[in-house]
Amino acid sequence: AQKVTQAQTEISVVEKEDVTLDCVYETRDTTYYLFWYKQPPSGELVFLIRRNSFDEQNEISGRYSWNFQKSTSSFNFTITASQVVDSAVYFCALEPVLRDLGRLYFGRGTQLTVWP
Amino acid sequence: DGGITQSPKYLFRKEGQNVTLSCEQNLNHDAMYWYRQDPGQGLRLIYYSQIVNDFQKGDIAEGYSVSREKKESFPLTVTSAQKNPTAFYLCASSIVGRTSGTDTQYFGPGTRLTVL
Numbered sequence: 001a002q003k004v005t006q007a008q009t010e011i012s013v014v015e016k017e018d019v020t021l022d023c024v025y026e027t028r029d030t031t032y033y034l035f036w037y038k039q040p041p042s043g044e045l046v047f048l049i050r051r052n053s054f055d056e057q058n059e060i061s062g063r064y065s066w067n068f069q070k071s072t073s074s075f076n077f078t079i080t081a082s083q084v085v086d087s088a089v090y091f092c093a094l095e096p097v098l099r100d101l102g103r104l105y106f107g108r109g110t111q112l113t114v115w116p
Numbered sequence: 001d002g003g004i005t006q007s008p009k010y011l012f013r014k015e016g017q018n019v020t021l022s023c024e025q026n027l028n029h030d031a032m033y034w035y036r037q038d039p040g041q042g043l044r045l046i047y048y049s050q051i052v053n054d055f056q057k058g059d060i061a062e063g064y065s066v067s068r069e070k071k072e073s074f075p076l077t078v079t080s081a082q083k084n085p086t087a088f089y090l091c092a093s094s095i096v097g098r099t100s101g102t103d104t105q106y107f108g109p110g111t112r113l114t115v116l
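Chains A and B, in that order, give the protein sequences.
Quick note on my numbering: the first sequence kicks off at 1 and runs consecutively.
Quick note on my numbering: the second sequence kicks off at 1 and runs consecutively.
Please note: incorrect hints may appear among the correct ones.
Stated by the list, open to error - Pair by pair, the computed Cβ-Cβ distance ranges are:
no.	chain 1	residue 1	chain 2	residue 2	range
1	A	D55	B	N28	45 to 53 angstroms
2	B	K9	A	Q111	34 to 42 angstroms
3	A	R28	B	E62	22 to 30 angstroms
4	B	I60	A	E26	17 to 25 angstroms
5	A	F54	B	P39	33 to 41 angstroms
6	B	D59	A	A7	17 to 25 angstroms
7	A	S71	B	N26	37 to 45 angstroms
8	A	Q111	B	S7	23 to 31 angstroms
9	A	S12	B	E69	22 to 30 angstroms
10	B	E69	A	P41	30 to 38 angstroms
11	A	P41	B	I60	39 to 47 angstroms
12	B	I51	A	A81	31 to 39 angstroms
13	B	N53	A	S12	28 to 36 angstroms
Unchecked claim - No farther apart than 30 angstroms at their CA atoms in a straight line, the calculated lysine-lysine pairs in the DSSO-like style are these:
no.	chain 1	residue 1	chain 2	residue 2
14	B	K14	B	K83
15	A	K16	B	K70
16	A	K3	B	K14
17	B	K9	B	K83
18	B	K57	B	K83
19	B	K9	B	K57
20	B	K71	B	K9
21	A	K38	A	K70
22	A	K3	A	K38
23	B	K9	B	K70
24	B	K57	B	K14
25	A	K70	B	K71
26	B	K71	A	K38
27	B	K57	B	K70
28	A	K38	B	K57
Source of the hints: derived by calculation from the structure; they are not laboratory data.
Even glycine gets a Cβ: it sits at the ideal position worked out from N, Cα and C.
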């Protein structure tokens, strides 16, 4: 079975704080992709990152960083020095390539609120 | 500009009426997808299509129908058989790779359907 769990339903921080959004996944596929999307209040999902299962290197893009650990089946997302514009719902998703080609399995999302 | 358009942004219908949601993309993507999002929920897959004139049911296809007569268009009809149609509907598209599965899914702005 394919499953993505985002245990944090809501997180509130004050501007400039660092915040980490957790994502834990389950799959029997040995080849898969992991994604993070941002959904601002306008509703459109904005793609942030795609990582394949063979690449465990952490990635940094500006204030965003991602920590992929296969040993714990986790793909966590950290925002450094958060800003009000980071307020959104963030979704983690899994694409198992071999068994379910092209299908994304989403977590329930984490609502992040950054207060000024 | 290249992208995915969904119209209208907001849609109201009376109970018992069928309604069709539009999704158009000019990204030359092969695959297109329809998701449903309910408050506090992740995205759930309704239907997807990886090639013209072919489509597959997702996890919650009952009460919905689709067609894929053109590569650029993937309309979704919400029929009167859908018991709880009020939701936010998101369309997505992606390239279908020959060896590495589908590429990243990119999303449209969504249509918020309210059935009165």
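Hints, one by one, checked against the model:
For the pair A/D55 and B/N28, the beta carbons lie near 27 angstroms from each other, so the given range of 45 to 53 angstroms is not met. A hinted range of 34 to 42 angstroms is violated for the C-beta pair B/K9 and A/Q111, which are about 22 angstroms apart. The beta-carbon spacing between A/R28 and B/E62, approximately 27 angstroms, falls within the hinted interval of 22 to 30 angstroms. Between B/I60 and A/E26, the C-beta spacing of about 20 angstroms keeps the proposed range 17 to 25 angstroms intact.
At about 36 angstroms, the CB distance of A/F54 to B/P39 agrees with the hint of 33 to 41 angstroms. Between B/D59 and A/A7 the Cβ separation comes to about 22 angstroms, which falls inside the hinted range of 17 to 25 angstroms. In this structure the hint that A/S71 and B/N26 lie 37 to 45 angstroms apart at CB holds, the actual value being about 42 angstroms. Between A/Q111 and B/S7 the Cβ separation comes to about 27 angstroms, which falls inside the hinted range of 23 to 31 angstroms.
Checked against the hint of 22 to 30 angstroms, the pair A/S12 and B/E69 fails, with Cβ atoms roughly 47 angstroms apart. Take B/E69 and A/P41: their Cβ atoms lie about 34 angstroms apart, and the range 30 to 38 angstroms holds. Between A/P41 and B/I60 the beta carbon distance is about 25 angstroms. The supplied range of 39 to 47 angstroms is therefore violated. At roughly 45 angstroms, the beta carbons of B/I51 and A/A81 sit outside the given window of 31 to 39 angstroms.
Between B/N53 and A/S12 the CB atoms are about 48 angstroms apart, so this pair departs from the stated range of 28 to 36 angstroms. The hinted pair formed by B/K14 and B/K83 meets the criterion: a straight-line CA distance of about 13 angstroms does not exceed 30 angstroms. Among the hinted pairs, A/K16 with B/K70 is inconsistent with the structure: their alpha-carbon atoms are about 47 angstroms apart, more than 30 angstroms. Taking the CA atoms of A/K3 and B/K14, the gap is about 35 angstroms. The hint is violated against a cut of 30 angstroms.
A hinted pair counts as satisfied when its Cα atoms are at most 30 angstroms apart, and B/K9 with B/K83 qualifies at roughly 22 angstroms. The hinted pair formed by B/K57 and B/K83 meets the criterion: a straight-line CA distance of about 17 angstroms does not exceed 30 angstroms. Our distance criterion of 30 angstroms between C-alpha atoms is met by B/K9 and B/K57, whose separation comes to about 24 angstroms. This hinted pair checks out: B/K71 and B/K9 have alpha carbons roughly 22 angstroms apart, not beyond 30 angstroms.
Distance check on the hinted pair: A/K38 and A/K70 sit about 23 angstroms apart at the alpha-carbon level, within 30 angstroms; holds. Proximity of A/K3 to A/K38 is assessed by CA-CA distance (about 19 angstroms); at most 30 angstroms being required, the pair is judged to hold. The suggested pairing of B/K9 with B/K70 holds, with an alpha-carbon distance near 22 angstroms, which does not exceed 30 angstroms. At most 30 angstroms may separate the alpha-carbon atoms for a hinted pair to count; B/K57 and B/K14 meet this at roughly 26 angstroms.
The suggested pairing of A/K70 with B/K71 is violated, with an alpha-carbon distance near 37 angstroms, which exceeds 30 angstroms. Between B/K71 and A/K38, the direct Cα distance comes to roughly 27 angstroms. Compliance with the 30 angstroms bound is thereby established for this hinted pair. A hinted pair counts as satisfied when its Cα atoms are at most 30 angstroms apart, and B/K57 with B/K70 qualifies at roughly 18 angstroms. Proximity of A/K38 to B/K57 is assessed by CA-CA distance (about 26 angstroms); at most 30 angstroms being required, the pair is judged to hold.
When the structure is compared with the earlier hints, violations turn up for hints 1, 2, 9, 11, 12, 13, 15, 16, 25 and for no others.
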